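Protein sequences, first through last, are from chains F and A. Just so you know, the first sequence maps onto residues 454 to 707 in the numbering used here. Just so you know, the second sequence maps onto residues 454 to 707 in the numbering used here.
Because the hints were derived from the structure by calculation, they are not lab data. A quick note: this is a predicted structure, and the numbers were derived from the prediction, not measured. Just so you know, even glycine gets a beta-carbon here, dropped at the ideal spot from N, CA and C. Among the clues, some could well be false.
[Claimed, not checked] Sample of chain F residues with no beta-carbon within 12 Å of chain A, all distances over it, derived:
id: 1; residue: Thr662
id: 2; residue: Asp665
id: 3; residue: Asp667
[To be verified] Distance windows between CB atoms, simulated:
id: 4; chain 1: A; residue 1: Gly512; chain 2: F; residue 2: Gly629; range: 35 to 43 Å
id: 5; chain 1: A; residue 1: Glu601; chain 2: F; residue 2: Ala605; range: 40 to 48 Å
id: 6; chain 1: A; residue 1: Asp507; chain 2: F; residue 2: Glu524; range: 48 to 56 Å
id: 7; chain 1: F; residue 1: Asp665; chain 2: A; residue 2: Arg498; range: 30 to 38 Å
id: 8; chain 1: A; residue 1: Ala520; chain 2: F; residue 2: Pro670; range: 39 to 47 Å
id: 9; chain 1: A; residue 1: Asn593; chain 2: F; residue 2: Gln501; range: 45 to 53 Å
id: 10; chain 1: A; residue 1: Pro596; chain 2: F; residue 2: Pro596; range: 31 to 39 Å
id: 11; chain 1: F; residue 1: Glu524; chain 2: A; residue 2: Pro688; range: 21 to 29 Å
id: 12; chain 1: A; residue 1: Ala520; chain 2: F; residue 2: Ala551; range: 52 to 60 Å
id: 13; chain 1: F; residue 1: Arg509; chain 2: A; residue 2: Gly512; range: 26 to 34 Å
Below, each chain spelled out in residue letters.
Number of protein chains: 2
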Amino acid sequence: MSGRLALIGLGPGDARYVTPQAEAALAAADALYGYGPYLDRVAPRPQQTRHPSDNREEGARAGAALARAAEGARVALVSGGDPGVFAMAAAVCEAIEAGPPAWRDLDVEIVPGVTAMLAVAARVGAPLGHDFCVLSLSDNLKPWSLVERRLAAAAEGGFVLAIYNPVSRARPLQLGTAFAELRRHLPAATPVVFGRAVGRADESIAVTTLADADGVPADMATLVIVGSAETRLVPRAGRNPLVYTPRSAQGVSA
Amino acid sequence: MSGRLALIGLGPGDARYVTPQAEAALAAADALYGYGPYLDRVAPRPQQTRHPSDNREEGARAGAALARAAEGARVALVSGGDPGVFAMAAAVCEAIEAGPPAWRDLDVEIVPGVTAMLAVAARVGAPLGHDFCVLSLSDNLKPWSLVERRLAAAAEGGFVLAIYNPVSRARPLQLGTAFAELRRHLPAATPVVFGRAVGRADESIAVTTLADADGVPADMATLVIVGSAETRLVPRAGRNPLVYTPRSAQGVSA
Numbered sequence: 454m455s456g457r458l459a460l461i462g463l464g465p466g467d468a469r470y471v472t473p474q475a476e477a478a479l480a481a482a483d484a485l486y487g488y489g490p491y492l493d494r495v496a497p498r499p500q501q502t503r504h505p506s507d508n509r510e511e512g513a514r515a516g517a518a519l520a521r522a523a524e525g526a527r528v529a530l531v532s533g534g535d536p537g538v539f540a541m542a543a544a545v546c547e548a549i550e551a552g553p554p555a556w557r558d559l560d561v562e563i564v565p566g567v568t569a570m571l572a573v574a575a576r577v578g579a580p581l582g583h584d585f586c587v588l589s590l591s592d593n594l595k596p597w598s599l600v601e602r603r604l605a606a607a608a609e610g611g612f613v614l615a616i617y618n619p620v621s622r623a624r625p626l627q628l629g630t631a632f633a634e635l636r637r638h639l640p641a642a643t644p645v646v647f648g649r650a651v652g653r654a655d656e657s658i659a660v661t662t663l664a665d666a667d668g669v670p671a672d673m674a675t676l677v678i679v680g681s682a683e684t685r686l687v688p689r690a691g692r693n694p695l696v697y698t699p700r701s702a703q704g705v706s707a
Numbered sequence: 454m455s456g457r458l459a460l461i462g463l464g465p466g467d468a469r470y471v472t473p474q475a476e477a478a479l480a481a482a483d484a485l486y487g488y489g490p491y492l493d494r495v496a497p498r499p500q501q502t503r504h505p506s507d508n509r510e511e512g513a514r515a516g517a518a519l520a521r522a523a524e525g526a527r528v529a530l531v532s533g534g535d536p537g538v539f540a541m542a543a544a545v546c547e548a549i550e551a552g553p554p555a556w557r558d559l560d561v562e563i564v565p566g567v568t569a570m571l572a573v574a575a576r577v578g579a580p581l582g583h584d585f586c587v588l589s590l591s592d593n594l595k596p597w598s599l600v601e602r603r604l605a606a607a608a609e610g611g612f613v614l615a616i617y618n619p620v621s622r623a624r625p626l627q628l629g630t631a632f633a634e635l636r637r638h639l640p641a642a643t644p645v646v647f648g649r650a651v652g653r654a655d656e657s658i659a660v661t662t663l664a665d666a667d668g669v670p671a672d673m674a675t676l677v678i679v680g681s682a683e684t685r686l687v688p689r690a691g692r693n694p695l696v697y698t699p700r701s702a703q704g705v706s707a
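Please model the complete structure; the sequences and the hints are all you need to start from.
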């Protein structure tokens, strides 16, 4: 009997975002692994074991799932959003590289999903409609100087910026520091979008400017999009404005 | 009767990638608009009219769909992948901004989907596992000098790079020019992934290096991922290597 591991992206919120490919991979599993709140999104099935773990245990979770697959089980490891974007796929690849040689022979299927930036962008228009950069603001695994260099490179290059992991309890000040760095490169009126818990019952969306962005609360469930100098607002009566980045660009921002 | 427009992402290939949210929006429509090959992916329903158009007609297609919605119809405009990433959402926002004021009062729902880079990344591991940039290589709507500046900014910033629209019949040489520019900033051994028609019957995946990337054919259905200096390969017997970018970074690439 040969085991296998499916890494499954559940999308940003409820079952509306779960693809048929993800549903099929969930249904085929003997054992489910994942961060507890993501596992809670998956309906229980008889004969499936469930192995929830904490948020900061990506490496241990990947190793446990791989070890179970190497024993012959059909294992599903679930991620919110897409497993390849600041989620479990990189942790699994790291574990395979460092682990027993037999792990390289496992069937590993990665099932993509709708990652948070796509869901937030869809709520407001098309802020990612032109070239953009995607950056985690966490400095748990990289030096803050590198974060700042990348913020500057993105802004100078005229890229829109999608920011994951903007804030945590251990890092309450970094988003403000990032906005201050970006103000050195971008106009004060640059649109900024905060999307929190998109696709869930407690979803909230805020559209503001880089000048006023410090006033909007954010947490680890928030995805922030900072426009380029070309990003535009279309006011609408009684609704949030549309926020979009035109398909054409002249490079005015650098 | 008040019309509405749903902009629907079908994902990169077949029905496995179509979310329940997208299915529901398709089922609720009176009229379907889209690039012909994308419309062909949608099963016909009685009482639905279908309005296919050509690839280069985004602005006209957006205007036609909005005009029909303004007449009171429930219109669905389909995109491959995600509508917000080099697809129809920006064209619709542009048309709303430039069009009759009544278009701003329409209900516009954008349904996100799995965009090509996520599907290609999932096929090979986790190349987008750390910070990355997303760039269209088309210079139909921006000067080539801006493309080159962004390639340099992405490479110098140590970002992985996902390249959309790498080649067309009118632009056969630009991908090679881009690789030459990137070789000025990145090691020759930097992993490069070509994913063509992922999720479709004629899917192909190639993993090579920046030094050898010119030898791999590409067309408009190809998505190219160029690693950073930190992107790694994990060899596997009898399969493509895993390609991944570690979650931790030291900024060695700049």
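Determine which of the earlier numbered hints do not hold for this structure and return their numbers in increasing order. 5, 7 and 13
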